[in-house]
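Using the sequences and the hints, build the whole thing.
So the sequences go chain by chain: A and B.
According to the numbering used here, the first sequence holds residues 7 to 913 in order.
According to the numbering used here, the second sequence holds residues 1063 to 1292 in order.
What the hints contain is simulated information worked out from the structure, not anything from laboratory work.
Among the clues, some could well be false.
[As the list claims (entries may be wrong)] Below, a list of computed lysine-lysine pairs in the BS3-like style, where the Cα atoms sit at most 27 angstroms apart:
| # | chain 1 | residue 1 | chain 2 | residue 2 |
| --- | --- | --- | --- | --- |
| 1 | A | 33 | A | 95 |
| 2 | B | 1083 | A | 725 |
| 3 | A | 711 | B | 1083 |
| 4 | A | 770 | B | 1083 |
| 5 | B | 1104 | B | 1083 |
| 6 | B | 1271 | B | 1220 |
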Amino acid sequence: MALPNVPRASPDALLALANREGRGRLKIFLGAAPGVGKTYAMLLAGKTAQEDGPGVVVGLVETHGRRETDELLQGFEILPRLPVLHRGKMIQEFDIDAALKRHPRLIIVDEYAHSNPPGSRHPKRWQDIEELLSAGIDVWTTLNIQHLESLNDVVQRISRVRVRETVPDTVFDKADELVLVDLPPDELLKRLAEGKVYVQDTAARAVDNFFRPNNLVALRELALRRAASRIDSDLLERMQSGGVEGPWAAGERILVCIGPDDTSPMVVRHAKRLAESIGAPWLAVTVERPFKQLRDAERRKVEEHLRLAESLGADEVKTLLGSDLVQELLRYAKFENITQIVVGRSRGGWLAEALGRSLPHQLVRCAEDIAIHVVTVPEPKRSPSRLRLVLPSSLRQRGLHPLHFLWSAAGVVCAIAVGRLMTALVSLPNVSMIFLLAVLFAAVRFGIWPAVFTSFLAFLGYNFFFIEPFYTLTVARPHELLALFIFLGFAVLFSAIAGRIREQAQIAVTRAQATRRLFEFARHLSSLAEPQMVAEGAVAEVQRSLGAPAILLLPRDDDLAVAAAWPPEDELDTASMTAARWAFERDEPAGLGTGTLPNVPWYFFPLRASHGCVGVIGIADRFASHAGDGTKLDSEVRTLFETLAELTATALERSRLAREIAAAKTATDTERVRNTFLASISHDFRTPLASILGAATSLIYFGSKLSDASRQDLLGQVKDEAEQLDNMVRNLLAMTRVEAGALEMRPDWVDLSEAFDRVVALAKRRGAAQTFETIVAPGMPFVPVDPSLLDQALTNIVGNAVRYAGSNARITLEASCDDDEVLLSVMDDGPGIAPDMLATVFEKFARGRGPGGDGGEGAGLGLAIAKGIVDAHGGSITAESPPAGSPAADGHGTRIVIRLPLREKIS
Amino acid sequence: MTRATRVLVVDDEHAIHRFLKPALEVNDYEVLSAGTAAEGLKRIAADAPDVVVLDLGLPDMDGKDVIARVRQWSDVPIIVLSARDREAEKIAALDFGADDFVNKPFGMGELMARLRTALRHRMQRKGETPVVNIDGLVIDVARRRVTWEGTEVSLSPKEFELLAFLARHSGRVVTHKQILTAVWGPAHEHDTQYLRVYIGQLRQKIEPKPADPRFILTEPGIGYRLLDAA
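So this is what it looks like as C-alpha cells:
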C-alpha cells in the first residue's frame, strides 16, 4: 500500500517553535504614534490576565499623570523602581534584577524602545526584556512604529523628526503576539489638543511637525501594514509548522550590496522593506578586494552596515572575497539563485559614472535574468572627513615625517652633484636617470608622498641645473619642456607604484609578524602544564600584543576568581565582576563595547572550549574610542584579542585534559598494582593451602593404607606449609608496618652464622633444590639487630634467589665486616636481573619476569620488605647483576648486598 | 593388567609432588614426577604414562601449549590442575584437548575420582559402547533411543544429538565451544544461547527435577558434564 501523501511540517518552522520552548512570550502593543492609547490598552488587557491567576506584575509603566491610566494601575503589583543618577538628576529606572528575582508569570514593561541611562546593565530596554524572556517570563510592552529600525529613515522622511531610539526588526519579529492599538488621526489630534498626549521633552516645533495630519496618516498606514504583514507571516509559519501546503514565496531572493559609504544603511533598509513586501528572503554581502585595502574607518563602517543588515533580519550576511566587484557579486548571486539585487547609486565616483563604469551600470550590463534596484539616496554633503578619503592611507596612518622629506631633498641634492660631476667628465645624453634614482630611493625608503615631493624637487633641479639656459627655471627649447614634463609624470607614476609596493610589503611584514606572534603564543601556551601558568602566560601575552591591561578569570568554588592579570591585579570592582560573570554564564562577550554593561572598563570575552565556557578573559579600555552611541573596541584589536582568547581557551582545555589523564593514569596504576597484588597474594596463599588440603585429605582417605613414614611426611608437610602461610601473613603485616613506619625493633646480639643456617634450613624445607654455601669471615662479631626481622629479610632474599636462579644454581651467603660496617650478601649464579629491572627490584610489587609459570610469581613484596627492614636498621641494600668483582661462570648472576652500621662490637 | 597404572604429575611446586606421590602410590598408581614442561613432555614420550596430571602454570611453557603438543601424537588422558580464578585458561585447556580439570586447592578424593573417570574413558574409547546407562537413563546411540526407567523419552533430532555428544563424554566436562562445534557446526561456536535453550529442554525431558539437575550438570562459565555412567 502506498503511503498517503502526508504534508510534512517545514523543519525551519518547527525549529523556530522549538527555540521558543522555555522562553517567555513577548506581546507588543504597537501604535502609530504617541498618544494612541497603547499603555491604556496594555493595562486593560493586564486586568483580564489578572483574572486568569496571580503572577501579573507591572515592571514599569509611565502614566504621565493621565488619570484613566493611573486608575487602571490600581490593583496591580508594581515593582519598585531603581533610582539612578544621570547627568546630575535622579531618575527612576526599571529594575531588571528585581524583576528577575520576583520572577512573575507576566510582567508589564512600558516603552520597548527606551534607552537606559549609562551604567545600566544593558544600553537598551529591549535587551532587558530579552533577558526577562530568556528567564522564562512573559513580557508585555509597548512600541511606536517609528522606533522600528527598518522604518527609521522612512519615518524620518515623513515626519522630519530623527528618532534615535530604535528596536532591531529581529527582536520585533520574534514577538509572539502583536496587538495593534489604532486611533484615527483626527481623534489623536483631538486628544493632543486636550493635552492628553504626553510627548517626551521634544521641542515644540518638532511636536508640531510630527503631529501633522498627513504625518499621522502615513504613520498609521505604516503601522497597519506592518501589523498586516506580521499577520501574514504568522499565518504562513503556522501553515508550515502544521504541514499545510501554503502559498510559498514565489522564489524571489534579494541581494543587497554593502559598502563603506554612508548611503549603505539606507540601501539596506530599502532592501529589507522590499523583501518584506514580497515575502522574499534577503541576503547582504560586501566584497573585499585584495588590491583595494580599506582603511580602518572604512572597514569599521562596513562592519557596522553588515551588523545593521543582521539586526534587520537579513537571512545571510556575508563578506565575499574577489578581485572584481561586479563579477564576484554576480557569481554569488547566481550561486544563491538571486532574482533581485539592490545597490546604492553612488558607488564609483563621478568619473566612473560618466564612463558607465559605476557599479549599477556594470551590474545592469553584465547581469542576466536579475532585476537591479538602484536606490537613489541623496548624496550626503561632503564633510572634511570625506575629503580625507581621497588621500592614500599611508599619509595618515604612518604620518609624514619632516625628516623623510629632508632626506628626500638630500637625495635630489646628491643627484644634482652626481649629475654635474658626470656631465663634467663625460657627455651624458640624459641626466634625468640620476634624478629618477633619487625618486626611487625616496619611494622605497619613505613611501609615496616623500617620493612625489622628490619628483617635483627633481623636476625643478633638473630644469635649473641641466636645461639651458642653466640656472634659471625657464626652458629655451620646446622639446626639452616636453621632456621635462614627461619626466615629471614618469617620476610621479614611479613614486606611486614604488610607494604602493612599499606599503604592501609593510602590510605583509606586519601580518607575518602578527601570525608569528600568534604562533609563538600558541606554542608558548602549549608548553605550559598548569591552568594557572596558562592564565599567567595568556594575560602577559595579551598585554604585550595589544598594549592594554589584561585579566583572566577562572571558575573557583562555584564562582569566578581572578586567576591572573597583567599588570597584576587581585580583584575587580563589583560592576566588572558582574560583567565577567555574565560573560561566563551566558557564554557571550560582555562589558565595554557590548550590549551588556557597556560602562564597565573591561571587555570580557568567554573562553570557549569543547565542554563549554572554561573562563573569561578581559582587556581594559585603552583601545576604546568614543564613537556613535556607545564605546566600541577597535575591530582589529577585537579580532586579535578574540583569537588570543581562543588560543588561551584551547590551552586551558588541554591542560585540564592533561590533568585528568594524569589522574586517570594514577587511578589505573593504583588499580593495576592492587590487582597484581591480589592476584599474587591469592596465588601465594593457594599453593600452601593446596598442599595442606591435599596432604590432609590423603591422610583422611588413605591414612590406614599409608606407611608410617609417608604419614609422618604428610603431617610434616601440613606443618611446613602452615608455617609457610604464617610466614606470608607475617610478611604482609611487616610490609604494612614498614609502610606505616611502625616497624617494631627489638635488637639483640645476633650470631650471623647461626642466622644463615636457619635461613638455609628453611629454604631447603620449602623444597629449594639449589646448592647452598655459607661463608662467614673469621672473627665476625655479633651484630646488634632484631633477630626475627633479620631472618625475615634474609629469608626473603634467599627465597628470591631460589625462585629466580633456577634449580641448578648455587646460592652463596656471605658475611664480612670492617671497622664500622657489616656486609651481608646473598649471591646466585642464575640468569640475573635485567638491567632495566635492576632499579626497581626493591619497589613494592616489582616482580621478576623470567619464568612465566606459577612459581615465578610472588607478591613482589619480598625484597621490598627486606629493604624496609634494612632501612629500619639504618643500613642500606643494593642489588648487583652481574655481581661486581666476581666473574660468574656464564656472566650472569645476582648479588644482593646489605650494609649494616656497626657502632659497638662484641666478639 | 601387567603393570600398575602410571600417573605422570607435572608441577613446578615441590609441595604438590610431596603429598601427591604417597597418596597416589597408596592407591596402586605408579607415580612419575616432572618439574617443568620440557621434562614432562619428555616423560610422556619416553615412559608412556596412562594419565597425566598437569599444572597449567609451569615456568618454562604455557600449559595449553603442552596439551597441544601432546595431542599431536598422543591421546593420553590429561587432567589439568588450575586455580579457580583462571576460567579462560581452563576453557582453553579443555578446547586444546585436556580431558578434565581440578581446581586448586583440591581434596584427594576428588582427584582420585577424576583419575578413575579419565582412565575408564580411555578404556571405552578402545571399544566404543553404543549404549550408555546412567542410573536408569539409557541412551542408545546407535538406535537413537532414550529411555528413562523403561519409558521412552521423545527427543527432537537436535536434542538427541546433544545428549548423545554428552553421553560420549559422560563424566567429563565438555566446553560450550566443543558442544556447539560438534552439534551445531563450527559456524556456531559462540552461540551459547542455543545451547542454553536446548539444555533447558533436555532437562525438562530427562531430569526428574529440572530445577535441580541430576544428570546434566553445569560447570559455570565452562560447559556441561553428563553424570558418569556407573
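Verification of the supplied hints:
no.: 1; hint: A:33 <-> A:95; verdict: violated, 32 angstroms
no.: 2; hint: B:1083 <-> A:725; verdict: holds, 18 angstroms
no.: 3; hint: A:711 <-> B:1083; verdict: holds, 14 angstroms
no.: 4; hint: A:770 <-> B:1083; verdict: holds, 19 angstroms
no.: 5; hint: B:1104 <-> B:1083; verdict: holds, 19 angstroms
no.: 6; hint: B:1271 <-> B:1220; verdict: holds, 22 angstroms
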